[in-house]
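Protein chains in written order, with numbering that gives the first Met the number 0: chain A, 0 to 545; chain B, 0 to 158.
Think of the hints as simulated: they come from the structure by calculation, not from any bench.
Every residue gets a Cβ at the ideal spot worked out from N, C-alpha and C, and that includes glycine.
Be careful, since some hints might not be right.
[Unchecked claim] If you want the ones that stay clear, here's a sample from chain A, every Cβ over 10 angstroms from chain B, calculated:
no. : residue
1   : Q28
2   : I125
3   : G186
4   : Y240
5   : Q249
6   : M257
7   : G280
8   : E295
9   : R452
10  : N494
[What the hints assert, rightly or not] As a list, the in silico DSSO-like pairs of lysine-lysine whose alpha-carbon atoms are at most 27 angstroms apart:
no. : chain 1 : residue 1 : chain 2 : residue 2
11  : B       : K38       : A       : K457
12  : A       : K516      : A       : K84
13  : B       : K106      : A       : K297
14  : B       : K58       : A       : K297
15  : A       : K529      : A       : K516
[What the hints assert, rightly or not] Ranges between beta-carbon positions, derived for each pair:
no. : chain 1 : residue 1 : chain 2 : residue 2 : range
16  : A       : R452      : B       : S24       : 26 to 34 angstroms
17  : B       : G22       : A       : D486      : 36 to 44 angstroms
18  : A       : N335      : B       : R37       : 41 to 49 angstroms
19  : A       : L136      : B       : R78       : 42 to 50 angstroms
20  : A       : G315      : B       : T146      : 45 to 53 angstroms
21  : A       : E39       : B       : T146      : 28 to 36 angstroms
22  : B       : Q60       : A       : D187      : 47 to 55 angstroms
23  : A       : E470      : B       : D140      : 29 to 37 angstroms
24  : B       : E3        : A       : D187      : 29 to 37 angstroms
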Amino acid sequence: MKTYRSMVLVSSDPDSMERGAQQVFERLQEEIKAFGLEDEISLSMVGDVGRHDAIPMVIVYPEATIYGPVRPEDVHFLVEEHLYKGRVAAGLQAPARELSGRIAWLSARKGTLPAEKRIVLERAGIIDPNSIEDYILHDGYTALGKVLTEMTPTQVIEEITKSGLRGRGGAGFPTGLKWSFVSKAKGDKKFVVCNADESEPGTFKDRVIIEGDPHSILEAMTIAGYAVGASEGYVYVRGEYLLAQNRLLQAIRQAEEMGMLGSHIFGTNFSFHIHIHSGAGAYICGEETALIESIEGKRGEPRSRPPYPTTHGLWGKPTLVNNVETLANVPAIIRNGAAWYRSIGTPSSPGTKVYTILGHVNATGLIEVPMGITLREVIAIYGKGMKNGSTFKLAQTGGSSGSVIPASLQDTPMDFDAYAKAGVSLGSGALLICNEDTCVVDLAKVLMNFFRRESCGKCNPCRIGTQRSYEILDNISKGTGTLADLDTLLELADNMNQLSNCGLGQTAGTPVRDVLKYFRAEVEAHIRLKVCPTGVCPVGKLITVS
Amino acid sequence: MVTETQNKQAVMNAVEAAIKEHGTSREELIPILNDINRKIGYLPQEALEEVSRRLRLAKSQVFAVTTFYRMLSTKPRGRHVIQFCESAPCHVVGGREVWETLQDILKISEDETTPDGKWSLVTTSCLGICGVGPVIVIDDDIYGNVTPEQIPDILARYS
Numbered sequence: 000m001k002t003y004r005s006m007v008l009v010s011s012d013p014d015s016m017e018r019g020a021q022q023v024f025e026r027l028q029e030e031i032k033a034f035g036l037e038d039e040i041s042l043s044m045v046g047d048v049g050r051h052d053a054i055p056m057v058i059v060y061p062e063a064t065i066y067g068p069v070r071p072e073d074v075h076f077l078v079e080e081h082l083y084k085g086r087v088a089a090g091l092q093a094p095a096r097e098l099s100g101r102i103a104w105l106s107a108r109k110g111t112l113p114a115e116k117r118i119v120l121e122r123a124g125i126i127d128p129n130s131i132e133d134y135i136l137h138d139g140y141t142a143l144g145k146v147l148t149e150m151t152p153t154q155v156i157e158e159i160t161k162s163g164l165r166g167r168g169g170a171g172f173p174t175g176l177k178w179s180f181v182s183k184a185k186g187d188k189k190f191v192v193c194n195a196d197e198s199e200p201g202t203f204k205d206r207v208i209i210e211g212d213p214h215s216i217l218e219a220m221t222i223a224g225y226a227v228g229a230s231e232g233y234v235y236v237r238g239e240y241l242l243a244q245n246r247l248l249q250a251i252r253q254a255e256e257m258g259m260l261g262s263h264i265f266g267t268n269f270s271f272h273i274h275i276h277s278g279a280g281a282y283i284c285g286e287e288t289a290l291i292e293s294i295e296g297k298r299g300e301p302r303s304r305p306p307y308p309t310t311h312g313l314w315g316k317p318t319l320v321n322n323v324e325t326l327a328n329v330p331a332i333i334r335n336g337a338a339w340y341r342s343i344g345t346p347s348s349p350g351t352k353v354y355t356i357l358g359h360v361n362a363t364g365l366i367e368v369p370m371g372i373t374l375r376e377v378i379a380i381y382g383k384g385m386k387n388g389s390t391f392k393l394a395q396t397g398g399s400s401g402s403v404i405p406a407s408l409q410d411t412p413m414d415f416d417a418y419a420k421a422g423v424s425l426g427s428g429a430l431l432i433c434n435e436d437t438c439v440v441d442l443a444k445v446l447m448n449f450f451r452r453e454s455c456g457k458c459n460p461c462r463i464g465t466q467r468s469y470e471i472l473d474n475i476s477k478g479t480g481t482l483a484d485l486d487t488l489l490e491l492a493d494n495m496n497q498l499s500n501c502g503l504g505q506t507a508g509t510p511v512r513d514v515l516k517y518f519r520a521e522v523e524a525h526i527r528l529k530v531c532p533t534g535v536c537p538v539g540k541l542i543t544v545s
Numbered sequence: 000m001v002t003e004t005q006n007k008q009a010v011m012n013a014v015e016a017a018i019k020e021h022g023t024s025r026e027e028l029i030p031i032l033n034d035i036n037r038k039i040g041y042l043p044q045e046a047l048e049e050v051s052r053r054l055r056l057a058k059s060q061v062f063a064v065t066t067f068y069r070m071l072s073t074k075p076r077g078r079h080v081i082q083f084c085e086s087a088p089c090h091v092v093g094g095r096e097v098w099e100t101l102q103d104i105l106k107i108s109e110d111e112t113t114p115d116g117k118w119s120l121v122t123t124s125c126l127g128i129c130g131v132g133p134v135i136v137i138d139d140d141i142y143g144n145v146t147p148e149q150i151p152d153i154l155a156r157y158s
């Protein structure tokens with residue numbers, strides 16, 4: 000078990016290096032050892048911290064204190080004061096100025112530690128999920144009351160738009176905009192659908208939200224229904240989540256008895272009914288048009304778009320489909336206002352994000368943190384370090400359709416835009432942390448196996464592409480791959496991305512593409528040397544001669 | 000053949016109960032199939048035919064929907080069904096070894112049932128319990144942080 004009390008980062012952009020960052024880093028190593036703190040403090044060099052007026056910079060977590068410019072001779076004092084005695088090393092702090100660039104999120108936290116901030120999980124684990132009274136005692140249904148008695152539907156949509164809330168299902172589409180599409184769509188019958196078909200491997204945030212706080216979803220859906228002009232809602236819960244289904248069913252009964260759901264809610268003229276629909280085991284039903292097909296009692300095969308569900312959804316009617324986590328943000332935004340929501344997270348991605356932390360870390364589980372936290376922080380602070388002191392090799396985000404993030408990107412803030420700029424994706428919020436014993440070929444093979452099985456088979460690029468890709472990866476893992484296979488893999492990934500009908504096929508090639516981008520040498524070792532460097536694949540282990 | 004008649008009666012009862020609960024509209028097809036599958040353990044031919052008759056749907060449609068969803072089975076299964084999660088989060092923390100051990104002990108591979116009808120072994124995609132991988136689910140019992148050494152003890156709990 001390796002856990003760190005503090006994390007020390009040294010800026011290592013070219014300017015910092017020129018001004019002695021390497022010497023500062025080495026002195027830090029010596030001093031930390033001299034004080035006997037090497038088991039409590041993690042020390043690393045990071046890239047450009049986004050300001051160059053006081054470099055080299057030393058940043059200490061969890062306080063996020065910024066020191067700079069730090070000279071090698073300052074290091075003894077810094078370590079003694081801050082890391083040993085636990086107070087700020089006076090006189091060494093950098094002038095107060097915001098950071099910009101890759102770790103600009105530091106400024107957003109105003110010098111505090113990247114603490115968990117709970118909005119959507121605010122009540123989960125605190126209230127009794129079986130009791131509507133408990134929910135009401137904790138501000139429950141006040142947002143709905145405010146909406147129905149004080150706000151027009153247009154004002155509700157405006158508030159959500161102003162908050163900057165973006166869809167948490169993976170694509171990050173602005174929620175307010177989606178609501179306004181459905182609101183403007185023509186039709187006397189409209190639907191609100193909550194997508195709780197959480198099936199991305201490694202993701203279980205929606206299950207925890209529903210199991211811990213089912214009423215928040217009902218309240219949010221009713222608010223959405225009022226805003227877009229819908230009178231009926233469906234929660235599509237994946238078939239494996241029996242407890243979540245039961246909690247929702249009970250919550251619906253309670254809310255209807257109390258007059259907070261059903262006909263004439265809060266004595267107003269607004270009526271809204273919610274039904275629960277259980278899935279039956281199909282990953283593809285998380286895709287919104289497949290989900291709609293499934294509610295209609297058909298095979299969950301995605302429709303062609305356009306037209307989009309916002310105009311032609313469930314039974315051809317305008318339909319709003321939102322993810323559980325997205326909806327869970329809504330009551331808090333209405334209660335506290337858009338400005339409050341904007342004060343959390345990063346400017347382009349306000350609010351929090353729920354992540355599941357998995358794999359080779361000491362502590363696995365679920366966290367809700369402001370947008371913009373980095374992988375390094377997640378691993379060190381919430382994952383409590385890598386298991387058995389092993390080395391971080393890569394993280395796989397967002398379940399199977401997410402990206403493979405190499406260690407070199409662990410200081411990139413995790414928000415929609417910064418990740419898009421780095422060419423990777425945040426996905427649905429699963430962080431599968433892998434150490435050096437993980438073989439990238441084996442990982443890519445497992446991920447492709449998943450897509451191969453879960454492809455609905457409706458369109459050819461996906462059905463054939465995932466199968467062929469899997470066969471090639473299987474050959475490589477057995478030592479029978481060729482270098483030409485790697486070109487074929489990339490071509491298949493491109494074809495699937497450009498030609499597939501829905502998101503499954505479009506993203507199925509992403510992990511393979513990332514693996515070839517960041518770990519090509521390791522893949523080629525399987526082909527050229529007939530060796531799996533980590534010893535995982537059947538092809539054979541690397542024999543080292545001493 | 001008393002047992003065959005009894006079996007048939009049980010199937011018809013399950014269909015009847017599901018339709019009573021959900022009605023006969025098209026949107027209820029999946030909930031109905033789910034209910035029957037849970038009660039009988041799989042969806043026999045006669046159940047699918049009865050559902051198609053009652054819901055006024057083509058048999059091909061009912062069959063197409065049934066074979067699409069992983070939780071619905073058209074094949075009889077063993078008394079106990081072991082679901083093994085083969086997704087990446089379980090795989091990288093030792094799932095592969097657990098899977099090999101299961102196959103070695105039961106002497107069956109994926110989607111097969113032991114000759115004595117006791118065990119069926121199926122793989123599944125993520126079960127949403129990834130915080131404690133590797134995960135196996137036997138009937139409705141969930142086992143997390145499973146190691147190959149624990150498997151004989153776990154299997155011994157079932158008769």
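We went through each hint and held it up to the structure:
no.	hint	in the structure
1	Q28	31 angstroms, holds
2	I125	19 angstroms, holds
3	G186	19 angstroms, holds
4	Y240	7 angstroms, violated
5	Q249	17 angstroms, holds
6	M257	25 angstroms, holds
7	G280	3 angstroms, violated
8	E295	6 angstroms, violated
9	R452	7 angstroms, violated
10	N494	23 angstroms, holds
11	K38(B) x K457(A)	31 angstroms, violated
12	K516(A) x K84(A)	44 angstroms, violated
13	K106(B) x K297(A)	37 angstroms, violated
14	K58(B) x K297(A)	13 angstroms, holds
15	K529(A) x K516(A)	20 angstroms, holds
16	R452(A) x S24(B): 26 to 34 angstroms	31 angstroms, holds
17	G22(B) x D486(A): 36 to 44 angstroms	54 angstroms, violated
18	N335(A) x R37(B): 41 to 49 angstroms	43 angstroms, holds
19	L136(A) x R78(B): 42 to 50 angstroms	46 angstroms, holds
20	G315(A) x T146(B): 45 to 53 angstroms	52 angstroms, holds
21	E39(A) x T146(B): 28 to 36 angstroms	31 angstroms, holds
22	Q60(B) x D187(A): 47 to 55 angstroms	29 angstroms, violated
23	E470(A) x D140(B): 29 to 37 angstroms	35 angstroms, holds
24	E3(B) x D187(A): 29 to 37 angstroms	53 angstroms, violated
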